[in-house]
Amino acid sequence: MLNNTGHLLIFLVMVLSLTIIYKSYLELKISSQKISNSIYQLSLFQSTFAISSFLVLIVAFINSDFSLINVYENSHSAKPLFYKIAGAWGNHEGSLLLWINILVIFSYFFLIFNFNHLKKFRLLTLIIQNLLILGFVIFLLKNSNPFSALEPVPSEGLGLNPILQDPALAIHPPLLYLGFVGCSIYFSAAMASMLANYRGKSFALSIKSWVLISWCFQTLGIIVGSIWAYYELGWGGFWFWDPVENASLLPWFAITALMHSVMVLEKRDNLYSWVIILCLLTFILSVTGTFLVRSGILNSVHTFASDPARGIYILIFLSLMILSSLLIFFKFYKKENYSFNFKSKETFILINNWFMTFFLVTVFIGTLYPIFLDVLTDVKISVGPPFYNIVIIPLVIPLLLLMVFGPQFNWINSNKFFSTKLIILILGAVGVNLFIFFIFGSYSFLTNLIFISSIFLIFYSLIELKKVLQKKIKYNLPRIISHLGFGMMVLFIGINHQYSLEDDFNLKVGEEKKFSHYEIFFDDIKLKEEKNYKAVIGNFRVKNIKNDTTQLLNPEIRIYANPETLTYEAAIKTRISSDLYLTMSNISRSDFYNIKFQNKPFMIWIWISALTIVLGGFLQLLNRRNEN
Amino acid sequence: MNLKRLITIFFLFFVSVEAIENNNNLTEIYKNLRCLVCQGQSVADSNSDFASTLKLVVQDQVKEGKSADEIYEFLISKYGEWIVYNPPFNKKNFFLWVLPYLFLILGGLFIYVLIRKNRHNKAN
Amino acid sequence: MKISFYKIITFVIVFFLLIVFWLGLQKDNSYNTKSLVGTNLSSFNLPSINNEDTITENYLKNNKFTIINFFASWCAPCRIEHKYLLNLSNNGIKIVGVNFKDKKENALQFLNELGNPYEFVAQDVDGKASISFGIYGIPESIIVNDKLIVIKKVIGPINQQIYEEILENLK
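Protein chains in written order, with this note's numbering: chain A, 8 to 635; chain B, 391 to 514; chain C, 5 to 175.
So that you can see chain A by itself, here it is in the shape it has in the complex (with noise of 0.2 Å):
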């Protein structure tokens, strides 16, 4: 029954799409200036099947209805319902579908929200809209189906994979979704755009809620991700350039130089052709790295099932995809003139947009050479953290330095440069620095760099933050908090990074290893029994010997039953200056038991820090609100 229901909803969308695109198209040649009620009626439908198409997914999940191929592989009748509803979006199928959904909902809201704009860039935007609608819906019906039935219905699921049952990797994707699949409307944009010859100032006004809405999300979808790295991979680690994180991060420099640029667009009338390249750049790295992660065509910590057939098809409408925006983009070039002078804002931002593309064009090598090398001489190498450790970490000085000076220019010209104020901030950046230094003991000149200039940027946002609350100066309030965040961010990575403790031995229940200033005691294991697993619980005690505290630490080993996994809970005790993170695993054959202890200086503060520039766009948003 639900199939049924399930696919009619579906190829309703679909037929909706193709109506509302010759609806538009018709209306193109009509002279009024507003659209007619019937596209906004249609446009209004296709949500409304879109979302309740989704509904009934979740339903056929949080039912067990195994009648449906997705639920049977992907659930099991004895998770918890939380987890019963995240399954329908933490599988392929499932997660096109939100995909979907996400498209549907950002082409009707742009309709609705941009009624000041011209009638032709409207139409057109919604008509290339539904042609990705269109596009992703043959792709669900053909290859990735949620609804696809099973026959005879089996009596139980397979379940779903332990180590994704996790809150935080629950709300992870939907996030991301909104992030990636929410640059696809002004990439409609950016086309209808060129084609209406509807640019300049009045085309930046028209996207810059949008793409301020995506950044958001992606940012905060790619936090979170890392986030439930820490907490669940049990490495002790949260970013490990993977080429699934790489591949979520290409999109998000993309999208955050056009948030930048996307200023000069709206207050200079300027960098036109830049911003249309990075609005389409956004959702064609959006859909590249669904191919890359879903095709299989990577080596991977993140296990998506992959199928060829389904990476045939992405490339295909990827191929198209930036095909066609290639050729309106030459078709529709107009020649710009540019003015900038050296001492502005824009140039800046133009700085910032350089450093950005700079980082996007390393990773996308990074990620993709080893492809190229193997396809082309059969090497494989692999290329990890040390290559864009030492890559990108040195450009980042630059950067943060460049986070202080921008924003104190002014738009066009401006006089403005060194004053004894920021002299005497760097002075103190470098007194700080040296007291770390002290206290941690040596570093590498690099390290004494980075953290010198985050300290110089979190300064100066300090300062400029505490005028803005006396309101001193109207100063942009957002911008700041979001500095704010990166400098803080990168510092505290900086320090965690260089002063993390970190061993690995093997123990025997009721053995004990000293290391550096900590003892650590295996006191002994405890079995447990809960719903749908079994663990193994270690009691470990962590003396730290100078300033005599103990620590109880109970790392787990899980096997759960549907479907049979082994999983490795990490011990973390969270602490306002460091975490204790501590693993334990079995090691087979023997009696020992494979324990790695970290202490991982600032940790809780990469999470403050992070979410603090997510919080400046939120800001923003609101701001845009009230503007209006």
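Worth flagging that the hints you see were computed from the coordinates, not collected in a lab. Heads up, the beta-carbon is just placed ideally off N, CA and C, and yes, glycines get one too. What you were told as hints is all true, and nothing was included just to trick you.
Heads up, simulated DSSO-like pairs for lysine-lysine below, C-alpha to C-alpha not over 27 Å straight-line:
1. 274(A) to 507(B)
2. 387(A) to 481(B)
3. 421(B) to 515(A)
4. 350(A) to 507(B)
5. 157(C) to 468(B)
6. 456(B) to 421(B)
7. 127(A) to 41(A)
8. 127(A) to 274(A)
9. 132(C) to 468(B)
10. 132(C) to 456(B)
11. 11(C) to 338(A)
12. 68(C) to 468(B)
If we take Cβ atoms under 8 Å as the criterion, some of the chain B residues that face chain A in the derived model are:
13. 417
14. 430
15. 434
16. 474
17. 483
18. 493
19. 497
20. 501
Based on these hints, arrange chains B and C on the given structure of chain A.
Then chains B and C, alone, in the frame of chain A:
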């Protein structure tokens, strides 16, 4: 005055942290090695049979006085470049290491030209 | 003129990327250690399972071809490939067994039960030696010639097809 207060607060913040000794060299090496039997994990992160064996071998070689690079070279000769996360700079990987910087330079030139053109226009 | 130059460059790059993606999809991207074939075996020195004797690379120089097989009593696929090893040995092919991360009693029991195809049974108690042979999971076998050059590597258990290949090539 305010500045001083700010800097003091920062100092105090870092005092709250206990001093920590320097990092373990072995872990650095483990982190740069791919665990071949795991999906995209480093040897440091894995406790598979292969990873634990490799850790023992690395420990031995470090004790023998071999440098990290010598250890990587030995392992590459046995398992191919796939095993290290830091791809060596050689003919095959030339573009991997050079292209990002090439783009950096080109982008810089592009911006420079834009600004210069503007100055030029003004002068005229 | 200038625009058409950028146009051409852009299209060339895009087509290159898309073609590489397409070729990448057709390719099996799983890793293997086939690169070991053609390289020289490192020198080694392993004790026999009874600790009575040792074996070094010189031992292999006497045979035209030698199969070095890594096995353990706890490894299920090793049991499956064992009959092929016995057959190879009966066909006059020299096989050196390396007992990997195993207990001596279990290993001897394993050989008693299934038969001993090995010319020499060496032991690698903590597995460290396996790294020098480029092993990353057992069962694995390496075939070397009398110049100590690796001419073939078998990952996973030897099956009928591989068995026939080996027999054909080494005879």
